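J.: Throughout the sequence shown, residue numbering follows our numbering, covering 1048 to 1265 in sequence.
What the hints contain is simulated information worked out from the structure, not anything from laboratory work.
All values reported here derive from a predicted model rather than from experimental measurement.
Don't take every hint at face value.
[What the hints assert, rightly or not] Ranges between beta-carbon positions, derived for each pair:
#, residue 1, residue 2, range
1, 1173, 1239, 36 to 46 Å
2, 1090, 1146, 40 to 50 Å
3, 1058, 1144, 52 to 62 Å
4, 1159, 1057, 16 to 26 Å
5, 1090, 1128, 57 to 67 Å
6, 1173, 1149, 50 to 60 Å
7, 1112, 1069, 17 to 27 Å
8, 1173, 1128, 52 to 62 Å
9, 1139, 1169, 37 to 47 Å
10, 1170, 1241, 44 to 54 Å
Note that beta-carbon positions come from the ideal geometry of N, C-alpha and C, so glycine has one too.
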Amino acid sequence: MSKRKKGVSLDEKRERILKIYHESLDVFNLKEIEKLGSKAGVVLQTIKDVNQALVDDNLVDTDKIGSGNYFWSFPSKVAQQRKRKLEDIEERRTQLTAKLEQTNAAIEKQRALQPESQDRVDRLNKLAVLKREVDEAKKRIHLLKDNDPDLLNQLDTKAKIAKEGADRWTGFKTTFILPDNYLDNVFNLKSWVIKKNSCSSAEVEKWLGIPDDFDYIE
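Please work from the sequences and hints to get the whole structure.
T.: Below, the structure written as structure tokens:
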């Protein structure tokens, strides 16, 4: 089984059409170029577009003579095109180099006029670091506060006092009525312990010795 013939790329088509002009050093109309290009292996239907692209790129010259358009191209034209392109690139490079030097000079001038600018940047960076340290310190303080031994001791003391008070009034509930502010303190302490230790109300009441019927008297 024969292998499928590989198609001709656009660059190859351009080279083959240009080669026709350069080897013949002659002038052609479009029909003649299509005929010669087809013999050179370029698909007939694509020759017109390829030839026009060469004209657009200034690689092929064209002129209208009478009622028809004629085309030609000489090797020297390609060389001249490449030379002009190199000259354009070199000129562009020179312009960019000069612009870069001007920009660098302007930057150095500004640095000389404003020597404090870098110092200001350093200060701002240091300020940002200090702000982060303060935020971290606040977090640590909050954490330590939540777990501070003194606060825990105070809680334990309050709990013991509340428990002792509850023990004292338990046996005399029938003859003594506790003031509302005392009951408020007990209930506030109970709520605080529940929230702080994530335990149930029954567990706290048992730990503090609070009876089931402990409540405000209406």
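J.: Just to be sure I understand the hint, the distance between the Cβ atoms of residue 1173 and residue 1149 should be within 50 to 60 Å; is that true here?
T.: Between residue 1173 and residue 1149, where Cβ atoms are some 34 Å apart, the hint is violated.
J.: So does residue 1112 sit 17 to 27 Å from residue 1069, Cβ to Cβ?
T.: 21 Å, holds
J.: Hint says 36 to 46 Å; check whether the CB-CB distance for residue 1173 and residue 1239 agrees.
T.: 42 Å, holds
J.: Taking 16 to 26 Å as the stated bounds, is the beta-carbon spacing between residue 1159 and residue 1057 within them?
T.: 55 Å, violated
J.: Is 40 to 50 Å respected by the C-beta to C-beta distance linking residue 1090 and residue 1146?
T.: 46 Å, holds
J.: Could you say whether the range 52 to 62 Å given as a hint is met by the Cβ separation of residue 1173 and residue 1128?
T.: The hinted range 52 to 62 Å holds for residue 1173 and residue 1128, with Cβ atoms some 60 Å apart.
J.: Given the hint of 57 to 67 Å, is the C-beta distance from residue 1090 to residue 1128 inside that range or not?
T.: 26 Å, violated
J.: Measuring from beta carbon to beta carbon, are residue 1170 and residue 1241 in 44 to 54 Å?
T.: The hinted range 44 to 54 Å holds for residue 1170 and residue 1241, with Cβ atoms some 49 Å apart.
J.: Within 37 to 47 Å: is that where the Cβ-Cβ distance between residue 1139 and residue 1169 falls?
T.: 39 Å, holds
J.: Starting from the hint 52 to 62 Å, judge whether the C-beta atoms of residue 1058 and residue 1144 obey it.
T.: For residue 1144 against residue 1058, whose Cβ atoms are near 32 Å apart, the range 52 to 62 Å is violated.
Going down the numbered hints, you'll see the structure goes against 3, 4, 5, 6, while the others check out.
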